[in-house]
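Heads up: the first sequence runs through residues 456 to 1040, numbered per this note's numbering.
Among these hints, one or two may not hold up.
Stated by the list, open to error - Straight line, CA to CA, 30 Å or less: simulated DSSO-like cross-link-like pairs of lysine-lysine:
no.: 1; residue 1: LYS838; residue 2: LYS738
no.: 2; residue 1: LYS514; residue 2: LYS575
no.: 3; residue 1: LYS511; residue 2: LYS474
no.: 4; residue 1: LYS780; residue 2: LYS838
no.: 5; residue 1: LYS695; residue 2: LYS738
no.: 6; residue 1: LYS736; residue 2: LYS819
no.: 7; residue 1: LYS575; residue 2: LYS780
no.: 8; residue 1: LYS494; residue 2: LYS838
no.: 9; residue 1: LYS494; residue 2: LYS514
no.: 10; residue 1: LYS884; residue 2: LYS895
no.: 11; residue 1: LYS695; residue 2: LYS838
no.: 12; residue 1: LYS736; residue 2: LYS838
no.: 13; residue 1: LYS838; residue 2: LYS819
Simulated from the structure, these hints should not be mistaken for lab results.
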Amino acid sequence: MDVFSGFHGHVLAAVQQLKHDGVVPKDASVQGISLGAPKDAGHGDLATNAAMVLAKPAKLPPRALAERIVPLLSSDPFVETVEIAGPGFINLTLKQSFWPSVCRMVLEQGDAFGRSAIGKGDAINVEYVSANPTGPMHVGHCRGAVFGDALANLLAFAGHEVTREYYVNDAGAQVDVLARSAFLRYREALGEDIGEIPEGLYPGDYLKPVGQNLASNHGRDLLEMTEAEWLPLVRSAALKAMLGMIENDLAQLDIRHDVFFSERSMIDGEDEVAETIADLKSKGLVYEGRLPPPKGKLDEDWEDRVQLLFRSTEFGDDQDRPLVKADGTYTYFAADIAYHYDKFRRGFRSMIDVWGADHSGHIKRMSAALQALTDGLAQLDVKICQLVRLFRAGEPVKMSKRAGTFVTLRDVVDEVGAGPVRFMMLYRKNDAPLDFDFAKVTEQSRDNPVFYVQYAHARASSVQRNAAEAFRHLVLDREHLATADLDRLEDESELALMRRLAQFPRLVEAAAEAHEPHRIAFYLYDLAGDFHGLWNRGKDLPQLRFIHQNDLELTRARVALVVATQQVLASGLGILGVRAVHELH
RNA sequence: GGUCCCGUAGCUCAACCGGAUAGAGCACCUGCCUUCUAAGCAGGGGGUUGCAGGUUCGAGUCCUGCCGGGAUCGCCA
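Assemble the whole structure, with the sequences as input and the hints as a guide.
Laid out in structure tokens, this is it:
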């Protein structure tokens, strides 16, 4: 619930009145009319562009039209002044008494403050991580994992019914490689000297326990079988172990999925992929044809052949895309189409995929295929997370899978903690590259936003502890503090803080609609800044301190503001999936 | 060569479906510790938003073309 929605309603009502009076044509669109806090506080508390948007249809200069709107807005009991400024903005300055009412609203609503109904309970599917189940999560998976999880939180906070999903690529060639690698460890567990792991197999030690399990469950039986016989057994055991490991890794970051969707499940039994391709074929979007060789890089293995192609060029792709590989199995793309179609048939009209930058080329064709299959009923938004570059005290961290020097997700979490990792991953737009410096993330200064925001939350706890000590009978419950005389909060720093709190609900909605959780992180940083600023003004001006030994009512009002601020900090951190702390060390 | 992403202060980055004088942090300069946590606060300098056009009341944001960086282009997923 946006605390300003009432004012927005008044603006629209004023426009309606002008339509009724014949000043504005009845069919003029009110779509572009916005009402929000201007960047510059000097322009008042709220500004609307209504006069500029309607100037053209009304055939009046913006400022002249504004003259007609102003008197209609002045009647609001919370509006102090209405002014016309610049090219035709209408600026509202609210009565000072409005802001304490926002603070009271935060206290009364608690963690419901800022929640929104814009999602209308619509089912939305967020697919993220979906790393190949062939080993532990490495640091490269971190960003997408955190981003997807925070986005899911944000959408839930904004009133969507969110399903968190992981697509398990358990049908491709790489899981057969996994099985062969595990089989080698099985032989090792039986006492055989396997020597160096051959090129092309997974060398990691994490497969040793899988081999040991196979040995204790099957003894030497698997050795008697042909590869065609043991491979499905070993593959399924290895997959189960890998997925367990991945779930554990994700749990380190407080990430849990609702659904693990198996690619293989689509082709076991009924072939869902074939059905999907048939559907596309019936729409005339699949044909047998040839592709030109890839440009830019020389490929020795290239051979021209006829293959089954999806007509993605009809949707703006630069090339049609193959659905079946040379060996007759489906391409990743074909399976992915079927998978998204499956989501649609499970009732999702809104889907979000979180992909790494290396998948960006697939967006257009995937959207195209889904659009074709669902006749445009399903919406897919693909969020691309750019690369994370690791640094240690300014020096890039070099990683090599082969040399075993790649940094796992667990390494990072162990070193800096889940909260800081999550916050830093979100303190950047998803489509911009991100530098992650271990030294900076663990540093405790304003330069480190994680610390800065956590510090504000901890400080709020500290103030409450001190207040409780100063006043034995002070009740710190939110409900009780909401009854404090909040009109005594009248210093400019206090008003600034309350204005910031008032922005939260609107910010949540904007971030949710844009699918941009990073906005929450930046907001929290600003909010923390306002709070630290107020706290420190108490150093120069003792009358601004939160606790006044001889004035219980003033203390209650100030502490109420502290608690309200802490509530919003906690809500925002909750969306980011970062645990709020009450003390820093 | 095609497609996608990025280009904003010396550095790292923001900027709410196009809004007013483009904002933070770091670094630099000036103040503030017998004080509710100075791990902080207040203030100052610093900009042709890569370049050139276009759309309109209004463009960092949308469109076109260039320049620069990254990703990607059947038999990995």
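Requested in this report: Would you pick out the hints that fail for this structure and give their numbers low to high?
Outcome: 2, 5, 7
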